[in-house]
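Residue numbers (the working numbering), protein chains in the order written: chain A, 1 to 217; chain B, 1 to 313.
Please keep in mind that the hints were generated in silico from the structure rather than gathered at the bench. A portion of the hints provided could be inaccurate.
In silico DSS-like pairs for lysine-lysine, Cα to Cα no more than 27 Å straight-line [what the hints assert, rightly or not]:
hint : chain 1 : residue 1 : chain 2 : residue 2
1    : B       : LYS54     : A       : LYS11
2    : A       : LYS176    : B       : LYS276
3    : A       : LYS168    : B       : LYS145
4    : B       : LYS211    : A       : LYS176
5    : A       : LYS176    : B       : LYS278
6    : A       : LYS82     : A       : LYS181
7    : B       : LYS145    : A       : LYS165
8    : B       : LYS276    : A       : LYS128
9    : B       : LYS211    : B       : LYS276
10   : A       : LYS113    : A       : LYS136
11   : B       : LYS54     : B       : LYS36
12   : A       : LYS144    : A       : LYS165
13   : A       : LYS181    : B       : LYS36
14   : A       : LYS176    : B       : LYS54
15   : A       : LYS63     : A       : LYS11
16   : B       : LYS205    : B       : LYS276
17   : A       : LYS82     : A       : LYS113
18   : A       : LYS137    : A       : LYS168
19   : A       : LYS198    : A       : LYS137
20   : A       : LYS181    : B       : LYS142
21   : B       : LYS142    : A       : LYS165
22   : A       : LYS11     : A       : LYS176
23   : A       : LYS128    : B       : LYS145
24   : B       : LYS142    : A       : LYS128
25   : A       : LYS11     : A       : LYS82
26   : A       : LYS61     : A       : LYS181
27   : A       : LYS63     : A       : LYS128
28   : A       : LYS63     : A       : LYS144
29   : B       : LYS36     : A       : LYS168
30   : B       : LYS37     : B       : LYS54
What follows is the residue order along each chain.
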Amino acid sequence: MKNILIRLFYKFLVRPWLTFIIGVNFNNQEIFENLNQYIIVANHNSHFDMVSILAALPGIKLKTTKAVAASDYFGKSDWVVKAMHLFLNSILISRDRNENEPSAIDILDVHLKHGNSLVMFPEGSRGKPGLITNFKKGIAILLKNNPNIPFIPVYLDGFGRVLPKDSKVILPLVCKVRFGKPVFINSDDTNVILSEVKAAIFDLQNNDERDRNKFDF
Amino acid sequence: MSLLILNIPSEIVNVLVLIFAVLIICSIVFRLIYSKKKNDFWKEIIIRTNSWWKIAAGIAILVTAPALVGTLLIAYVSFVALREMFSISHFRNEDRVALFVGYFAVPIQYYLAYNNYYEAFLYFIPLVMFIAIPVVLVFNGKTEKIGRSMSIIPSLIMLTVYMLSHLVLLFHIETANFNAGAGGLILFLIVLIAFNDVFQFTWGKLLGKHKILPRVSPNKTWEGFIGGIFTTAIFAVANRFLTPLAAEQAFIVGLVIGITGFLGDALISAIKRDLKLKDTDDLIPGHGGVMDRLDSIILITPIYYHLLKFLIR
Numbered sequence: 001m002k003n004i005l006i007r008l009f010y011k012f013l014v015r016p017w018l019t020f021i022i023g024v025n026f027n028n029q030e031i032f033e034n035l036n037q038y039i040i041v042a043n044h045n046s047h048f049d050m051v052s053i054l055a056a057l058p059g060i061k062l063k064t065t066k067a068v069a070a071s072d073y074f075g076k077s078d079w080v081v082k083a084m085h086l087f088l089n090s091i092l093i094s095r096d097r098n099e100n101e102p103s104a105i106d107i108l109d110v111h112l113k114h115g116n117s118l119v120m121f122p123e124g125s126r127g128k129p130g131l132i133t134n135f136k137k138g139i140a141i142l143l144k145n146n147p148n149i150p151f152i153p154v155y156l157d158g159f160g161r162v163l164p165k166d167s168k169v170i171l172p173l174v175c176k177v178r179f180g181k182p183v184f185i186n187s188d189d190t191n192v193i194l195s196e197v198k199a200a201i202f203d204l205q206n207n208d209e210r211d212r213n214k215f216d217f
Numbered sequence: 001m002s003l004l005i006l007n008i009p010s011e012i013v014n015v016l017v018l019i020f021a022v023l024i025i026c027s028i029v030f031r032l033i034y035s036k037k038k039n040d041f042w043k044e045i046i047i048r049t050n051s052w053w054k055i056a057a058g059i060a061i062l063v064t065a066p067a068l069v070g071t072l073l074i075a076y077v078s079f080v081a082l083r084e085m086f087s088i089s090h091f092r093n094e095d096r097v098a099l100f101v102g103y104f105a106v107p108i109q110y111y112l113a114y115n116n117y118y119e120a121f122l123y124f125i126p127l128v129m130f131i132a133i134p135v136v137l138v139f140n141g142k143t144e145k146i147g148r149s150m151s152i153i154p155s156l157i158m159l160t161v162y163m164l165s166h167l168v169l170l171f172h173i174e175t176a177n178f179n180a181g182a183g184g185l186i187l188f189l190i191v192l193i194a195f196n197d198v199f200q201f202t203w204g205k206l207l208g209k210h211k212i213l214p215r216v217s218p219n220k221t222w223e224g225f226i227g228g229i230f231t232t233a234i235f236a237v238a239n240r241f242l243t244p245l246a247a248e249q250a251f252i253v254g255l256v257i258g259i260t261g262f263l264g265d266a267l268i269s270a271i272k273r274d275l276k277l278k279d280t281d282d283l284i285p286g287h288g289g290v291m292d293r294l295d296s297i298i299l300i301t302p303i304y305y306h307l308l309k310f311l312i313r
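Next up, chain B with everything else stripped away, as it sits in the complex (with noise of 0.2 Å):
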């Protein structure tokens, strides 16, 4: 009764009672392991199910709550990444004023994103920052490596506010047409993500053999990719009912999905590895930071966006 008062639509709920589900499930499976066995391994697991338990709840919030919470939650998250990314990318000391005026992006845009000023929204970070934080550098005055600093600076917001933004912009999206609305967009997304990460995984284990990206990340194989992106494809269409999209395009979106995911994933990887770091921090336990987890999400909100745009018309 009382989600049909808090109007939440009927797909959203059943996909949320689902997660939430395999997760007590997991829960307890992994603790009556662990009560068995007593290792290292499966306290570790344990304690990524319990971050996962955090991940799932904020999701749960995002997917549900009205538009200015989902904002603010995105916007709150986009900012924990662009500080993990400033955290652990190599500046000088002369680049901490363009650091403090590139934070600022942050609730600029989602500003812009939640009111729907859509041409401000397009060119805010991609203009407006890449002209400002070079400014801002160069006023500083040190010369010495600042083309490394006004490169990097503006390509990380790029990454981290820029990319997760568009997310907020799917609550705009015309949603006369289909149940679920914004909420079931984002979920949809979300779902797909997660587990185009787990398919490529378990196909890779199962058939991996030919290296992709052997000195990015040398776990990933060809036979992952392919299976793990077709798969994904396939999960899109038994999920289409979150969105208002037919099975073919449903499809193709969870084929985009898969590519961009990977893709995001291994960009991430590349940087760690310049950064010759495992994970970009150790805020999730069991995870890592939170780009570690929004890795495979960051280069696939935009795409995904103007993709529904297109598809939706």
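Bound conformation, chain A alone (with noise of 0.2 Å):
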């Protein structure tokens, strides 16, 4: 019942609010045919990345797909973490290595084990806009430890400006999300991996004559 009612509620308030409103184009969409797991991987500009990558996705893929997100942030009251596992499916993982609880990768693990699929932003926080920091390793860890599982590269383009990092107003400006072909992962190295990543990251941003990042002139 819950499923239905979030798929209800993508499908018919938060995309058509995306499109109409905001000006947020999804393309490229049919890659998610046949594809069972998936790691998404973008890059993070804004509040509004997860939700609209989220409402890009099939109606049927939210079940399974889940928001990465990091708990010391996210994590401070509690409503805040109600509302992101009601509405994002999120995990909510610490970015600071804490001895005692199970480390973010076995946590992201166990659920790519139980057939889930994630939604990560690897750069850790939102960067300005339109550039794209150094990526944390911990993705490569996971596609090292889960060859059968792709990774899915996604440029979010122009976000940063509809509602960057220190700004409170939501500005409705052309962006689009472009997802890039699942790319299944065949070495050891993390590093190897992290930069086969990054590359597929860059080149959807290259391959469009405009990049709707910039703002400053």
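Bring the two chains, given one by one in their own frames, into a single complex with the hints.
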């Protein structure tokens, strides 16, 4: 029941709002056909990023696709955690290593073993619009541990202008969720995997004549 | 029968039937050619035609639906055009609040237009928005390049909202002495604008030698321009059954539509060239953005409205 409601919520509220008011375009969604499990990897500029990626997914994937978020940022208040579990299907992980808890990698690994898919922002936090900062290594370790699961590179174009890090104003501006083709990893070296992931996202960034992330002229 | 119940004037029905007939024929012919040739050119043409279907459907709704529906439709197109221009123009991070305020011009302006608050309609954007936006920018504090933002933001609102909102005023024009009504006036304008583009393009291809604006749009020639506007004027005379205009009045309106259509096209071309973009966006498959389609219509709408008001008195 909850799942149907969430699907309807995304289909009839979130998605129309994103496309008709904010100006989000989704493209290349057909890559999700015949794909059961994946890790979506995207650049991160805005709180809008996660909800836009989830809205782009085919409704049936919403149940198994989990948003990975930082517990030290989002875990501060109880109702935020509850809302994130309800609407984003989120997994909260700690960005700082804590000896007493299982590591973030282990938590995510378990989720992958259960057949779930993940959405991750390997930059770790929202960077400046248009700039892709260094990727954290966790994504490479996850892909190395699960060679049967492909990663899907996503370039989020323009979201840093719609709602940047230091702003509370949501500004409707044309932006794009650009999906790349799923890629299977066949390397054991995390550095190689990491650069492969990064290259895939840079590729998507460069194959459009315009980059909507830039604001200052 | 149903058309009688919906109370749609027969003139409008005839034109719409003609438009959709042309679209059906084009769709079939293009698909037949594509099935033989299978190249990218014809694929692109088919994508373009599919988008024309959607545009034609929008126009059909606009000219047949009640004024409220038409207003909402134009208001939304206006909003999308404004969003598109805001998205491609260069701004500073500090301009975000002013841009946000700028979007409120759309509902307010169309509210004024729908209720025919004519004076407020006339001064709201040129006066209120041209004061409000710079003030918001000033309170934001950063002065570096503020003059640029102060001028671009209200001008874009003027271009996409103020100009287009005059279409809604057409719903309030006195339509007692002719049959087609406000829908006819809007349809007349849209059909002429669309064909003006075609005529100018065709004359340019046939005879074009002397470039008119070599640095802005190199494809435009004097031959295309002059041939285009006079063909449009003659076409306007032929289509005047949609309006209360006499033949010579329709000829003048046609000329004005041809000239301003050309100028609007050139204006948007210049902006795109400055921003080094081919299209304003890729929202409409095969056509580019909304502004790429609206380019020739934006300048004409206020002039068309005032010209009509002057001529129909």
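Point to revise | Enumerated hints in conflict with the structure, sorted upward | key: Structure breaks hints 4, 6, 12, 13, 18, 20, 27 and 29.
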